[in-house]
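In order, the protein sequences belong to chains P, U and F.
Mapping of the first sequence onto the numbering used here: position 241 corresponds to residue 241, and the numbering continues sequentially without gaps.
Mapping of the second sequence onto the numbering used here: position 277 corresponds to residue 277, and the numbering continues sequentially without gaps.
Mapping of the third sequence onto the numbering used here: position 140 corresponds to residue 140, and the numbering continues sequentially without gaps.
Just so you know, these hints were derived from the structure itself, not from any lab.
Just so you know, even glycine gets a beta-carbon here, dropped at the ideal spot from N, CA and C.
Any given hint could be a false lead.
To be verified - Ranges of calculated distance between the beta carbons of each label pair, as one might list FRET restraints: (1) P/V76 <-> U/G289: 26 to 32 Å; (2) P/T146 <-> U/S312: 29 to 35 Å; (3) P/N153 <-> F/D139: 34 to 40 Å; (4) U/K195 <-> P/T146: 26 to 32 Å; (5) P/R61 <-> F/E58: 24 to 30 Å; (6) P/G273 <-> U/G385: 38 to 44 Å; (7) F/K138 <-> P/R175: 38 to 44 Å; (8) F/D61 <-> P/R175: 46 to 52 Å; (9) P/P69 <-> U/G329: 29 to 35 Å; (10) P/V76 <-> U/H406: 57 to 63 Å; (11) U/S226 <-> P/L287: 57 to 63 Å; (12) U/S226 <-> P/V76: 33 to 39 Å.
Said to hold, decoys possible - Far from chain P, some chain U residues (derived; all Cβ distances over 10 Å): (13) G168; (14) V231; (15) K246; (16) K292.
Stated by the list, open to error - Computed, partial: chain U to chain P, Cβ under 10 Å: (17) T273; (18) G295; (19) T369.
Chain residues, written in single-letter form:
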Amino acid sequence: MPGAPAAGEMLQQLINAIVFGSVLTLFALGLSLAWGTLDVLNLAHGAVFIFAGYLTYELTRQGALSFVPALIVSMVGAGAATVALEVLAFRFIRTRFANKRQAELSMLVASIGGAIIIDQVVSNETGATTFGPPSSIFKVREYHLTGSAGITNIQILIVVVAVLAAVGLDQWVRRSRQGRAVRAVAYDPVTSGLLGVNVSFVAISTMFVAGALAGLAGVLLAVNLRAEEVAVGQDYLLTAFAILIVGGVGSVRGAVLAAYLIAIAETAVVAYGPTQWRDGIAFLLILLVLLVRPQGLFAKAQFQRA
Amino acid sequence: MFSSRRLRWPGGALALLVMAVTIAACGSSKPSTTKTTSTVSSTSSSVAASATSSTESAGTIPVTFVGDETGLVAFVGKEVLKGMEVAVKRANASGELHGKKIVLSVMDTASNVSTATVKMSDAVKSNAVAVFGPLLSNEALATAPIAERGKVVDIETEAEVGGLLQIGKYIYRLTPSEFLYYPLTVDHLAKLGVKHVNLVYASDNPTLTEESTKLLPEWTKKLGISIGTSVGIPSTTTEFSSIVTKLETGKPEAIGVNMIGPAIASIASALRTSGYKGTIFCDQSATAGSLKPGGSAANGIIYGVLYSPEMSFPSSKEFTKLYEESFPGEKPQGYDATGYDAMTAFADAIAKSGSDTREGVLKGMQELTVAGSFDGGSGPLKFTGPEHREVSGPGALVEWKEGAEHMLVQGTPGLESQPLKAQ
Amino acid sequence: MKDARVAFGGVRALDGVSLTVQDGQLLGLIGPNGSGKSTLLAAISRMIDLSSGTLTMEGRDYTNAPAHLANALGIARTFQTVRLLRTMSVLENVMLGAQAEWVRRGPLATWLWLSRARREEKRARRAAQQALERVGLKDLGRRHPQELPYGPARKVEIARALACEPKLLLLDEPTAGMSQAEREEVGILLSELSKDGLAQVLVEHDLAMIQRVCNRVVALNFGQVIAEGLPAQVAADELVREAYLGHRDAGMEASAPMMEIGRQ
């Protein structure tokens, strides 16, 4: 009997961790894809993520669209924003700089510029304050499990979508011929081009997929959190770096594993440890991994970097 | 109260890069610095804009708001400015300025410290007889010494940071600290019969941390309320379900959410979704629309505010009426009141000293201090603190309901801070 | 290819080279190191840009087309150093060649035409397997390139190029580093391909091989054509002997196969 509430809490925290891990997975997948294939460390990923939440807010607050159409439009919008960065910046940098390191650094800086522009647009439109889609677009309901534990329908949706997206991306990259083209471009863009792979189109579509994944995460999180602001994207970006490093750059499976690992670790700290140290956990994991296994937990990267 | 909002950008090299690019972007994209706000006065803008015409006999009293018109806290800066505009309108119409008129110009700091210092230097070099300082604490700390050296009265509003007033005698801060009216909330909790509360606060925000870890425990203890779990989390946190589960442990009758930004609405929504039925109380950061995205889940949240349109003080009513006339269809908020309060004190100072030179403004402010208080939009404000260059206000306790604040309790004016009556 | 010029800095890597390859022709390209052979292949396959001149394939000008379009026109190549993708199996590497046409439509196509994509995938797999069989490596599909010895790895590259179903095959020293027996096999393969009507350009240091399989030879030096004609004619050319063999008055047998690994 005395153990009952504690067990309920424990179950609840486990659910919390899984939901959190799912959001992180969705966020990290796109970042990992862009970095692993095109060597673009896209610091605008967090801004795109918030941009999608903002689009949903704009599309739904006057009741113009319901949840699913708004989700789709927002994902396309997020994908388009990322493609715009690719077309307007990354592509030129890639051809301008023969030196890979220089190109990577330039793209990093360009993506920061992109993040600032997107953030500024959202800030201006929202008056730089808190925003969120109306609660009417998605009726959040809680299903009670044993004890005090429960899970809401949006949380279930997040977990299901994250698993589907992760499995889908993994299979796509591993199995499909387009995935093969993506891997080929990741390994050696010049040879791929000579073999008939349209490198610039693969780059554009990969960035679109990466952006749309950020958008998917952004919309689901906006509904789950109810309120967002521009800075939220930055927070996720930092945790996502931790995920990429812990999981191994470019590995879908590694990213998923690392996302849930970090989520569980952070939730455990909140539940049973000094809560304010939660953010430190991610960086502690980065340090440990860098010391013990610098190539990440999943060393054999799928979309390998040369 | 915004002392740590800048910290919301991630730390380290990333932040530096971001800052560097931001600074570069700001430097190039905002060449226009000074502009006369058209809503205030229709007198020729050349009067306020030209730094060379120091002839004060022209019948105008030039002042400058070195404020956050764009940037991180632009949403606050815009409101503060509107409040100032209303106060200018009132003062100019009242005749208390010895036949002269205040002309307000704005220099945008873009919430950026280096931009703010440049703009403050420009303002000090101009013919402005007083300046109104920027809103972020780090901006205020960097700009106040410039005003002090230039011997210009610098009236600060939102920037709530230690050491600001110690910079010198020209620096005033005329927005009451929220610590002075937060007791209204605690007092109300006691009246509701609350015995146990759990608490979450932004651990990277000095104001909220001090309030949550030092002051709130003292106040609750006096009223027999115990704080069970007290959780400090960074204001950048975006995952709340684990926090919410922790806050609900022990089934407290009330839960405090001393956070800033969207976290307030997110945590409140998550609490209600998971079935929490008790009282949720917040810091005054919940004001100005932070709760709006929470929808009906935010109903019933209580928090102390500086100003409510329902306040019964004559000067508050006057402000509310003037504001609604100036901005039809809009409701004044606390941030509007802070701008109004600052500008009203300035006008009162000119009226007192009868001189609108820079020294005259200082003399007037000092005379106003001696008088002990002045009537602002947020009620009668009492000069307080070691050198009487800051104020306390009555404040009010409000409840959020269906997208609007409703006043539950009005604070008592003329006190250093609000009492714990339920004792 | 007409009057092609390629300059790197002040160095003229190709200086007014004109070259035409007919169907079924196996053109040998010889010349000393740095004479412009690899540059010529790079230019034809659109790996590098020409400073001036034009490239045409079956009457179509592709001088400024991106590399993947040159491939779509039917130009495939192997590389001087092995350029297999270590992250994929041998079969997948070869399939990469086989799927060229389809891939141009990009990732979204798979999702929009799922069944068609699956059919395509099967076709590509068959084509890749056939190509592997053609080079005599039908059982190596599941291995990874890095597990293969040098000779078979080079053959995989040839298979990958063949999987593109090219009309013009560019081979950059395909037998370098191979054993004598392997070289013989490749020689036979190239001759067969030639009989099937495939146009080929073979860059090779092994002049015996050139003599054996080529039906036409072009000799380059300092980015210019110095001789052109039947293998025996070119081999007998004084200029060629001087440029290629230096002043050593040696016969063809002097050109022992060279290891050219990683020279690029």
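Evaluation of the provided hints:
no.: 1; hint: P/V76 <-> U/G289: 26 to 32 Å; result: holds (29 Å)
no.: 2; hint: P/T146 <-> U/S312: 29 to 35 Å; result: violated (52 Å)
no.: 3; hint: P/N153 <-> F/D139: 34 to 40 Å; result: violated (53 Å)
no.: 4; hint: U/K195 <-> P/T146: 26 to 32 Å; result: holds (28 Å)
no.: 5; hint: P/R61 <-> F/E58: 24 to 30 Å; result: violated (58 Å)
no.: 6; hint: P/G273 <-> U/G385: 38 to 44 Å; result: holds (40 Å)
no.: 7; hint: F/K138 <-> P/R175: 38 to 44 Å; result: violated (22 Å)
no.: 8; hint: F/D61 <-> P/R175: 46 to 52 Å; result: violated (38 Å)
no.: 9; hint: P/P69 <-> U/G329: 29 to 35 Å; result: holds (31 Å)
no.: 10; hint: P/V76 <-> U/H406: 57 to 63 Å; result: violated (41 Å)
no.: 11; hint: U/S226 <-> P/L287: 57 to 63 Å; result: violated (39 Å)
no.: 12; hint: U/S226 <-> P/V76: 33 to 39 Å; result: violated (52 Å)
no.: 13; hint: G168; result: holds (32 Å)
no.: 14; hint: V231; result: violated (5 Å)
no.: 15; hint: K246; result: violated (6 Å)
no.: 16; hint: K292; result: violated (7 Å)
no.: 17; hint: T273; result: holds (5 Å)
no.: 18; hint: G295; result: holds (4 Å)
no.: 19; hint: T369; result: violated (34 Å)
In the structure shown, a violation is registered for the earlier hints numbered 2, 3, 5, 7, 8, 10, 11, 12, 14, 15, 16 and 19, in ascending order.
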